[in-house]
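Q: Sequence order for the protein chains is A and B.
Heads up, the first sequence is in the numbering used here, so the first residue is 1 and it goes up one at a time.
Heads up, the second sequence is in the numbering used here, so the first residue is 1 and it goes up one at a time.
Since the hints were derived computationally from the structure, they do not count as laboratory data.
All figures in this text were calculated on a predicted structure; none of them were measured in a lab.
One or more hints might be untrue.
Identical chains blur together in the list; that is why a pair holds if it fits in one copy or across any two.
[What the hints assert, rightly or not] Within a straight-line C-alpha distance of at most 20 Å, the following computed EDC-like cross-link-like pairs (lysine to aspartate or glutamate) qualify: (1) K351 to E337; (2) K262 to E252; (3) K132 to E337; (4) K204 to E268; (5) K351 to D305; (6) K379 to E196; (7) K379 to E432; (8) K204 to E90; (9) K342 to E446; (10) K371 to D32; (11) K331 to D203; (12) K379 to E278; (13) K342 to D419; (14) K132 to E12; (15) K204 to D264; (16) K308 to D353.
2 protein chains.
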Amino acid sequence: MPLSHPDPASIETLLAFLRFPSISTDPAHKADTAACADWVAARLRGMGLVTTIHPTPGHPIVTARTLYHPGRRTVLIYGHYDVQPADPLELWHHAPFEPHIENGIVTARGATDNKGQILAHILGVEKTLREKGNLPVNLIFLIEGEEEIGSPNLPAFLREHHESLVCDVVAISDTGMIGRGIPTLTYGLRGISCIEITVTGPDKDLHSGIYGGAVANPITELSRLIATLHHPDGRIAIDGFYDDVKPLEDWERGAWSRLPMKDDLLLELTGSPRTFGEPGYSGIERTWARPTAELNGITGGYQGDGSKTVLPSRASAKFSFRLVPGQNPEKIHRLVEDHLRKHCPPTVTLKIDIGHSGAPYAVDPHAGFGKAAQEALRKTFDGAEPALIREGGSIPIVTDGFREILGVDTLLLGLALPDSRCHSPNENFPLENFAAGMALNRHLLEEIAAA
Amino acid sequence: MPLSHPDPASIETLLAFLRFPSISTDPAHKADTAACADWVAARLRGMGLVTTIHPTPGHPIVTARTLYHPGRRTVLIYGHYDVQPADPLELWHHAPFEPHIENGIVTARGATDNKGQILAHILGVEKTLREKGNLPVNLIFLIEGEEEIGSPNLPAFLREHHESLVCDVVAISDTGMIGRGIPTLTYGLRGISCIEITVTGPDKDLHSGIYGGAVANPITELSRLIATLHHPDGRIAIDGFYDDVKPLEDWERGAWSRLPMKDDLLLELTGSPRTFGEPGYSGIERTWARPTAELNGITGGYQGDGSKTVLPSRASAKFSFRLVPGQNPEKIHRLVEDHLRKHCPPTVTLKIDIGHSGAPYAVDPHAGFGKAAQEALRKTFDGAEPALIREGGSIPIVTDGFREILGVDTLLLGLALPDSRCHSPNENFPLENFAAGMALNRHLLEEIAAA
């Protein structure tokens, strides 16, 4: 596949962007994050876009727009300039904020998620403007600095500015390709509901010799509660949990079964001894189109070296439920809470803390601007037929922000590869995908204009 | 009950003993612990006993003995001069190593466990020697500095010195009284088997959105394994676990049912919402005479604030099984391991680490020197009838050391009260129990001599 290499100036620009340690969750990097926002805004302003840095209670949001042309469609391209923390640092082969290029791949924190991908769109627009003087659409860039901490200030910003953010469609490059050179349109995402529970028995830690056997052990009771969440075969055992799930359509199962993503690849990518999950579904069906009840953390009692014979006062666990189209996060919170209260014995007390949530997303990839997106992908990737997929992760702003507040669908045109290591040490982005992103931007705007 | 107050000199001696921060687990207190051993040895030597400080790979063992008189019985009194760590320091009302006396109670780390109790024996012997010139028995003090870390060097010491430690019986004051003024003879202890298990799924932490639902979650699988350990009613569900358990005797159930230790006291002491345990047994029967499968700690995944949607690579848990007479720790380890391997699904791998263990202990309180001990308690506590109990905790050296190596039984004549807070902040010891311990020493040696 003859994907091109980006020009040296674009590579230098990418490296400059990657050098900002714009870690949004870390207060120590607040100034770095602000400096990164300034850098993005300066770049956009230099291209002739009307650019604004909007302060928020957290990190700033940068917007930039072309002058409005009546009669042209309006496209909003969303991305983020903040990155995940880089730790554990000792697992990086090179310093995470000193980008390193080897074999056509740039390694740095944020290379794929999301600096490489959003910059490809910025430079794609810059190139079109330089060569043609204008774009075939009205364009709005919306680039925030809090995506990695759940976009706490973005919904309020969208509500406040929705009149100036009116658009026909949103485009995001922050998802994945199913393999190198395989253009990929993501038309569905899972939603999420987070819950933390704490089980308390005695009101203080006890000596397990003196009292063990006569009062309930909170770790045991928490474990028994967790064990009630699933049937032995992997199905979730919460009453009503699957009631609203929209079944997979036949065309999806057919198309997905032809993708080069079999369960042996899943084993290779995860290092698990076996696959496991809801019976009757393949690995990608389970992760893309079926809901989960996942444990993210558990803690209780003594956790140091050796043994300490304590009967702990309490134990707690963090859950996240991934939801699929049809399911409602608030209803799931209710069902889960009912289930836990029903199964918790009276020998311990149960505290439930409801965490953040986000609705699932799905759009028909054959309707609306889906065909334009597929054509743009085809042209970018040398005529290759785009894979139509969903993804298991969640981008709540797509439903809760762009669909609910702005009233539009989102095209998810990801450029990450399965081994791009987003959120992990040695995050990387192939320069050919960076170049592809610039080309994709031009084709996408042209196809949307012509649709 | 007219228990006497100790003389001022004895109280001063106790306070001096309590000022040593002889924390055996903390390398920073190695010199303090050695200084405490020196202090104990100097005291014993000053009483005219043949005293030796024996270095070990850890903290020293102090022995002291009267000159041998043929024809007299030999009693070995065991105790320890090391203490538990004092943290959490902020929960102490006074500094843990600056002993504080209020309302006839001394508060300090080690006040009850074991400095107050072993010193009462030392000062009791000193008083008898001062008043009478000699003792009615041959006496050996064996006072170690590693009891709180599992006495790692004591068994080897007993094996090496068993010829010079030949005795007729061991006496220990390191257990509890069931209530103020109620003399108590403990004739049974539970044993212990410790195990840690680790369940591993993927070979690295995964994004729960990307992979959740298609591979097993180690926290879920660990919880399901833990849930298999008990039947819902509280009985342990491990095949063969109860096979060797010696049933409670009728006289024990009868005697215990008349003790002032009902389940409402258990709720008050533990702060648990309800009692819970093996059906058909009272709270004290469950803790004194029935085995347990207790969780001491669990850990896995993200444990910080808020949520992190990780599907963790592994989760682990620490168990301790309290064992009762008839049960063998090695056999229990085998049964537990078989159970866990049988119930662990092939979607994760299971690692089992066998920890330390100790055999249970029981002796007939009506045979051997049991009657002498009861008579000594009666005389000490103004004629009150001693309670005959077992305890739920473990003192492995009683079985693995004194019974197996020296071939003798142990009299457990504890002076701790239920609210003495051993191992907890604000550990304390009533001065009346300190005085009682001195009197008990004299009566005990006399009764053993006469038995």
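Q: Each hint needs a verdict: does it hold in this structure or not?
A: Verification of the hints:
1. K351 to E337: within (10 Å within a copy, 33 Å between copies)
2. K262 to E252: within (15 Å within a copy, 64 Å between copies)
3. K132 to E337: neither (58 Å within a copy, 73 Å between copies)
4. K204 to E268: between (45 Å within a copy, 12 Å between copies)
5. K351 to D305: Between copies only: 16 Å across chains, 29 Å inside a chain, cut-off 20 Å.
6. K379 to E196: neither (46 Å within a copy, 57 Å between copies)
7. K379 to E432: within (15 Å within a copy, 92 Å between copies)
8. K204 to E90: between (38 Å within a copy, 15 Å between copies)
9. K342 to E446: Neither. Shortest intra-copy (56 Å) and inter-copy (61 Å) distances fail the 20 Å Cα cut-off.
10. K371 to D32: neither (40 Å within a copy, 78 Å between copies)
11. K331 to D203: The answer is neither: 33 Å in one copy and 34 Å across copies each exceed 20 Å.
12. K379 to E278: neither (38 Å within a copy, 71 Å between copies)
13. K342 to D419: Close neither inside one copy (42 Å) nor across copies (36 Å); limit 20 Å.
14. K132 to E12: Answer is neither; intra-copy 23 Å and inter-copy 96 Å both fail.
15. K204 to D264: between (48 Å within a copy, 17 Å between copies)
16. K308 to D353: Between copies only: 15 Å across, 29 Å inside.
Hint compliance for this structure: hints 3, 6, 9, 10, 11, 12, 13, 14 are not met, and every other hint is.
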